[in-house]
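The two chains are supplied separately, each in an independent frame; assemble them into the complex guided by the hints.
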Amino acid sequence: MKHKTFFWFVLPSSLAMLLFIFFPIVSVLIQSVHVDTEQVIKEVTNCGPFGCETISSIDQEATQALKQDNPLGRFAGFTTYLDRRHLAIGEISTAWRSNNGMGDFFKQLMNLPFYKALSFTLAYTFIVTPLVILFGFVIAVAVNSAVKWVRGPLIFFSLLPMLVTPLVGALILFWMVDARGVVGAALQYLADDPNLSVKASTPLTWVMLMVYGVWHSAPFAFIVYYAGLQSVNKETLEAAMIDGASRWEQIRYVIIPHLLPLTTFIALMQLMDNFRVFEPIVSFSAEAHATSLSWAIYNDLGGETRQLSSAAATSVLTILGICILLLPVLVRTWRDFSRK
Amino acid sequence: MTANTQKKSRALNLLLIGVLFTWMTLAAFPFLWTLWGSFKVEGDFFSKANWANALTGPLTLKESGGLFTGAGYHGAWIKEAFGIAAINTMIVCVFVVTISLTFGTLGGYALSRSTFRYAFWFLIIALIFRAMPPITLVSGYLPVFFDWNLWGKLPTAIIVLVAINQPFTLWMLHSFFKNIPKDLDESAMVDGCNRFQAFRHVIVPVMWPGVITTGLFSFLLAYNDFAVTAMILSKENQTMIPKISSFLGSTQTKGNVMFAVAAVVSATAPLFVMVLFFQRQIVSGLTAGAVKG
Chain A
367 MKHKTFFWFV LPSSLAMLLF IFFPIVSVLI QSVHVDTEQV IKEVTNCGPF
417 GCETISSIDQ EATQALKQDN PLGRFAGFTT YLDRRHLAIG EISTAWRSNN
467 GMGDFFKQLM NLPFYKALSF TLAYTFIVTP LVILFGFVIA VAVNSAVKWV
517 RGPLIFFSLL PMLVTPLVGA LILFWMVDAR GVVGAALQYL ADDPNLSVKA
567 STPLTWVMLM VYGVWHSAPF AFIVYYAGLQ SVNKETLEAA MIDGASRWEQ
617 IRYVIIPHLL PLTTFIALMQ LMDNFRVFEP IVSFSAEAHA TSLSWAIYND
667 LGGETRQLSS AAATSVLTIL GICILLLPVL VRTWRDFSRK
Chain B
93 MTANTQKKSR ALNLLLIGVL FTWMTLAAFP FLWTLWGSFK VEGDFFSKAN
143 WANALTGPLT LKESGGLFTG AGYHGAWIKE AFGIAAINTM IVCVFVVTIS
193 LTFGTLGGYA LSRSTFRYAF WFLIIALIFR AMPPITLVSG YLPVFFDWNL
243 WGKLPTAIIV LVAINQPFTL WMLHSFFKNI PKDLDESAMV DGCNRFQAFR
293 HVIVPVMWPG VITTGLFSFL LAYNDFAVTA MILSKENQTM IPKISSFLGS
343 TQTKGNVMFA VAAVVSATAP LFVMVLFFQR QIVSGLTAGA VKG
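In the order they appear, the protein sequences are chains A and B. When the letters of the first sequence are read in order and numbered with the working numbering, they come out as residues 367 to 706. When the letters of the second sequence are read in order and numbered with the working numbering, they come out as residues 93 to 385.
Bound-form chain B, shown alone (with noise of 0.2 Å):
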């Protein structure tokens, strides 16, 4: 934009070249570092010594005979069995994925179609719902989910996962349908269709942009969610965040702490490569509500 238009000082271009490069290093960093340093020893990456030690690796080449250990990475995926952490955690969000979009097309298309009051203040409860912490909701479900023997299972965590993540989903699919002209739907019913065949026939073959990108986002929270999945899963049937947690909590023995790190870099993987594949549809996504409202 300015770039053609004006010409800048070059104190100007040195300031925002300088932004640009705290920033960068300060987003990228961290997660390199870490990368880093998983392969090294604990007593590499948490030096006493000398910080520089994580980069050189005096005691891991001592301790391994190598620059480089997968030990941390053994330790969490065959010791600790962090493979079953992320099978549960593939099937919650698959899960939660699926259900999710389908009930929130079902209701954002609705809720974009009807001129009714009620339908803003459907979507202001959504919204109110939106904003509560997760984990107030916590202590509702548990005496429920004892007395039923429902407390621990991946069925229940996909569930409530899936009810959390609807106020949101409602509001996004919502406001993309809003963009999809109501003519199509609605000539499409006066060539004879019910509501849900103009649905099924003519919205559903135009909506997968919004859609996927909505995904994305339900599939973010099912992910990264901490605060339901480690109250309401039994110790079998964690998932990696939750697992994670508990590294830290009983594993403080030395080398240990090694196995967290590799576990944060195997969970953070997945993420790195979601991102490479749909930077796209996230940024839409994230300015999708903001644009609209």
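Pulled out of the complex, with its shape left as it was, chain A reads as follows (with noise of 0.2 Å):
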């Protein structure tokens, strides 16, 4: 294709990404070394009765004005990303030096939004992606073994916990384990603790988090390996029969290997898809247990004061964190590229 058919093929498509994903990465990086103007504070001095005092106030029609001229806000270099609510450089060096041991230093660093956020979205991303892979082998495995009529109706549900909005699916789960809803009561029967509450602690909140979070990929997993298995080549399968391998050797030696390269596939959607982990936070309100990096940006940004320098540099931190989590696959893919 010629450069100039190809350039206007893409036009709208690259136009739409450059105005609406580039643009706003750009703006990210900039707002994210800017904070607020300052207030301009005016000092008045009120004389009554009881002789004069002086009060500072806010000089609204200043602050406008410098506002006005600064758009951005003043330039603050990486102040914004050193503070408390982000890598907090001052904090952890004060919690390193006097901590009591390695459990209170992990303490202190949970009690700072941004690694709070950070743990929780790597544990989610690093415990929810093997998960999703080894359930959704098994449900492929067992589907696959099926008779042909069930598979449709089987397919069908499957499809639907994935399918169904995050935030209405996390919603429908946490009305379950509430502690009035059928699953906290069946919970609590089991702890044999009829106070048993999972909202209110940390770890329960962690697995009902990351249990959510493999019911919705799972059925991904589960379709991209039934795919894969409808393809085994079953003369191989055959001879490795004759062979006198057993069902299990079979597996081993023959369909596994051969869903191999869709494994690397899942893995990559889901690193992709867990490093956003965001709306069961919302769904479940465990924002004081439990908190991710996309979360602390919603945070920022919702609510009254809009903090867009905080929630910008959250969002080049977030950046940083997956393209650094795709290095592997980008290498990967070049090295490919170049050899063809």
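Everything labelled a hint here was simulated from the structure, so no lab data went into it. Just so it is clear, the structure is predicted and the values come from calculations on it, not from any experiment. C-beta: ideal position from N, C-alpha, C; glycine also. Hints may be right or wrong, so weigh each one.
Partial list, derived from the structure: chain A residues whose beta carbon lies under 10 Å from chain B [said to hold, decoys possible]:
#, residue
1, L377
2, F388
3, L500
4, L525
5, L539
As a list, the in silico DSSO-like pairs of lysine-lysine whose alpha-carbon atoms are at most 30 Å apart [what the hints assert, rightly or not]:
#, chain 1, residue 1, chain 2, residue 2
6, A, K370, B, K274
7, B, K140, B, K154
8, B, K140, B, K245
9, A, K565, B, K140
10, A, K433, B, K327
11, A, K600, B, K270
12, B, K245, A, K433
13, B, K270, A, K370
14, B, K171, B, K140
15, B, K327, B, K171
16, B, K274, A, K368
17, A, K368, B, K171
18, A, K408, A, K433
19, A, K600, A, K514
20, B, K270, B, K245
21, B, K327, A, K565
22, A, K565, A, K473
23, B, K171, B, K270
If you want the ones that stay clear, here's a sample from chain B, every Cβ over 10 Å from chain A, calculated [unchecked claim]:
#, residue
24, L151
25, G175
26, D239
27, K245
28, L276
29, R287
30, F288
31, P297
32, P301
33, S326
Here it is, written out as structure tokens:
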């Protein structure tokens, strides 16, 4: 295809991405190194019958004028990145010097908003992803061995947890694990503790969020593996059987190698999607026990005071995180491509 | 596959049936439970006394006189005007899908036919964009949208969702077009068509299966989005998902949780119907990316 034709064909698409993905990234970068303009304080002296007093108040006009002149605010360098809400360098070094053992240090670390969000995001990503792959595989093998006519309905119901809106799916589970819901009641019965509440405990909240994550994403791995199982070479399988391979050996030496490239694909998609975990935290109102990077950005942007600089700094750190996560894949793709 | 070629032991059969049964319960039960519960009153759906009240509904009988009550739906649709949110969602979805597919087919076609190195880089950049959580972009949108008075309006949300959707659409359609033989459009060009005419007359008639599948996923993205729509739509223009989350924040008074339950069921119903009709396309779409790399 000629350069010129290519250009015209991809123009609408690239224009959309340029305007609404690339420029916003640049804008986020710029915002993250600026902070709001300082408010201009003026001092007014009021003299009354009991003497004079000086009141300092915000000079709205002057502040507005200053804002007009510097719409971005004032340049702050990396101060937003280093403050308590983000990388918290000062707090960490204090905690490092004055801690009582590693446990205490980590406890202090978890009180810092950024590290709290980061630790949950990473734990979620790296626990949910392998579990999704494992459960997806088990379900795919089970469905594949079922009689033909039940497979359609099985796939139909399997798709639901994945396709339903994350916020809605998480809410449905949340209402069930509520202390007054059916799963909550079952847990209380099993644990023999009538006051057990998943919402009130940090470890249980983490587990609940991860259970949601596996429930939501396992169907994806299942569908991909199921499609992969349809294309397993039957002759290889038969040959293995004739050679006396047991069922497990067939899975281990024929099916798993066949599904390996699919696993890379599932892992890549799941790493990307799990790293942005956000909706379940809103649904479970879990912010007291678990926050994620996306939730931290959402929290900064919402409410009365939109803290754009703070949100921008977290956004940049999140984008850096996803780049690090993707780096191995990108390097591999590049090598494959150069070889071609 | 193995079912015909090998006899399974009884224990293995039981294990497989056990797995399937457990998974089916996990996948379907929450939806059925919530659907059933949405027709009860709050005291039954969230019962302190006995979880089985959600099934039998003694309080529902006492409060509303019947075994089922539509109070939750009435509250959500009539009192809280969930219908407006539903219409907004419909508008957003229709436009996002149409525009995404128009942009995406053109771009995806070009990417599948270009042999130059920049086409590869284009796809890699799209992959990176696809990987970024959409909410990281929002703080980039807000100041500009406020300044230019674009904030809160449906068209703004539509174009933003189209852009966020593009990387995925391009990848998907690119792999579909790769499967359409090159000879098809190239022979049309030998016959005197230019590239666009070849695309229009030869490729467009055969591209619909891929376009429908991609369209389903674009629809899901627009329908399911919470992070972006919650941030850039004003209260009057809210779509369904942010509306549901606003139910949670504001309606803690007794009975109003059922509004949210009813709204959740209402928002899930269209997805249910979609899966029912398009199961095959969705499955083929999910695997398309995997099988072709």
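Cross-check of the supplied hints:
Because the beta carbon of L377 (chain A) sits about 8 Å from the nearest beta carbon in chain B, less than 10 Å, this interface hint is met. Annotation: interface hint on F388 (chain A) holds; nearest CB of chain B at approximately 8 Å, less than 10 Å. Against a cut-off of 10 Å between C-beta atoms, the interface hint on L500 (chain A) is violated, since the closest Cβ of chain B lies about 12 Å away. Evaluation of the L525 (chain A) hint against chain B yields a held restraint, the C-beta minimum of about 5 Å falling below 10 Å.
The interface hint given for L539 (chain A) is met, as the beta carbon of that residue sits about 6 Å from the closest beta carbon of chain B, less than 10 Å. In summary, the hint linking K370 (chain A) to K274 (chain B) is supported, as the alpha carbons are separated by about 19 Å, within the 30 Å threshold. Restraint check for K140 (chain B) and K154 (chain B): satisfied, since their Cα atoms lie roughly 16 Å apart, inside the 30 Å limit. Simply put, K140 (chain B) and K245 (chain B) have alpha-carbon atoms about 43 Å apart, too far for the 30 Å limit, and the pair is violated.
Under the criterion of a C-alpha separation no larger than 30 Å, the hint pairing K565 (chain A) with K140 (chain B) is consistent with the structure, at around 16 Å. With a C-alpha separation of about 27 Å, the suggested pair K433 (chain A) and K327 (chain B) falls inside the 30 Å cut-off, and the hint holds. For the given pair, K600 (chain A) sits about 27 Å from K270 (chain B) by alpha-carbon distance, which is consistent with the 30 Å threshold. Restraint check: the Cα-Cα separation between K245 (chain B) and K433 (chain A) comes to about 25 Å, which is no more than 30 Å; the hinted pair holds.
Straight-line distance between C-alpha atoms of K270 (chain B) and K370 (chain A) comes to about 20 Å, which keeps the hinted pair within the 30 Å bound. Of the pairs offered as hints, the one joining K171 (chain B) and K140 (chain B) holds, with about 27 Å between alpha carbons and a cut-off of 30 Å not exceeded. Using a Cα cut-off of 30 Å, the hinted pair K327 (chain B) and K171 (chain B) holds, with the two alpha carbons roughly 15 Å apart. Restraint check for K274 (chain B) and K368 (chain A): satisfied, since their Cα atoms lie roughly 15 Å apart, inside the 30 Å limit.
At most 30 Å may separate the alpha-carbon atoms for a hinted pair to count; K368 (chain A) and K171 (chain B) exceed this at roughly 58 Å. Between K408 (chain A) and K433 (chain A) the CA atoms are separated by roughly 16 Å; this keeps the pair inside 30 Å, and the hint holds. Proximity of K600 (chain A) to K514 (chain A) is assessed by CA-CA distance (about 17 Å); at most 30 Å being required, the pair is judged to hold. For the hint pairing K270 (chain B) with K245 (chain B), the CA-to-CA distance comes to about 37 Å; that exceeds 30 Å, so the pair is violated.
Under the criterion of a C-alpha separation no larger than 30 Å, the hint pairing K327 (chain B) with K565 (chain A) is consistent with the structure, at around 29 Å. Restraint check for K565 (chain A) and K473 (chain A): satisfied, since their Cα atoms lie roughly 20 Å apart, inside the 30 Å limit. Our distance criterion of 30 Å between C-alpha atoms is broken by K171 (chain B) and K270 (chain B), whose separation comes to about 51 Å. Remark: the non-interface label on L151 (chain B) is consistent with the geometry, its nearest Cβ contact in chain A lying 12 Å away (cut-off 10 Å).
Residue placement check: G175 (chain B) keeps its beta carbon more than 10 Å from all beta carbons of chain A (closest about 18 Å). Once the 10 Å rule is applied to beta carbons, D239 (chain B) is inconsistent with being away from chain A; the minimum gap is 8 Å. No Cβ of chain A approaches the Cβ of K245 (chain B) within 10 Å, the least distance being about 15 Å, so the stated non-interface status holds. Every CB of chain A is more than 10 Å from the CB of L276 (chain B) (nearest about 14 Å), matching its label as outside the interface.
Not every Cβ of chain A is farther than 10 Å from the Cβ of R287 (chain B); the closest lies at roughly 5 Å, contradicting the non-interface assignment. Not every CB of chain A is more than 10 Å from the CB of F288 (chain B) (nearest about 8 Å), against its label as outside the interface. Non-interface status of P297 (chain B) relative to chain A is upheld: no Cβ of that chain comes within 10 Å, the nearest being about 18 Å off. Chain A leaves P301 (chain B) outside its interface by the beta-carbon criterion, the shortest separation being 16 Å against a cut-off of 10 Å.
Here S326 (chain B) stays apart from chain A, with its beta-carbon at least about 14 Å from theirs, past the 10 Å limit.
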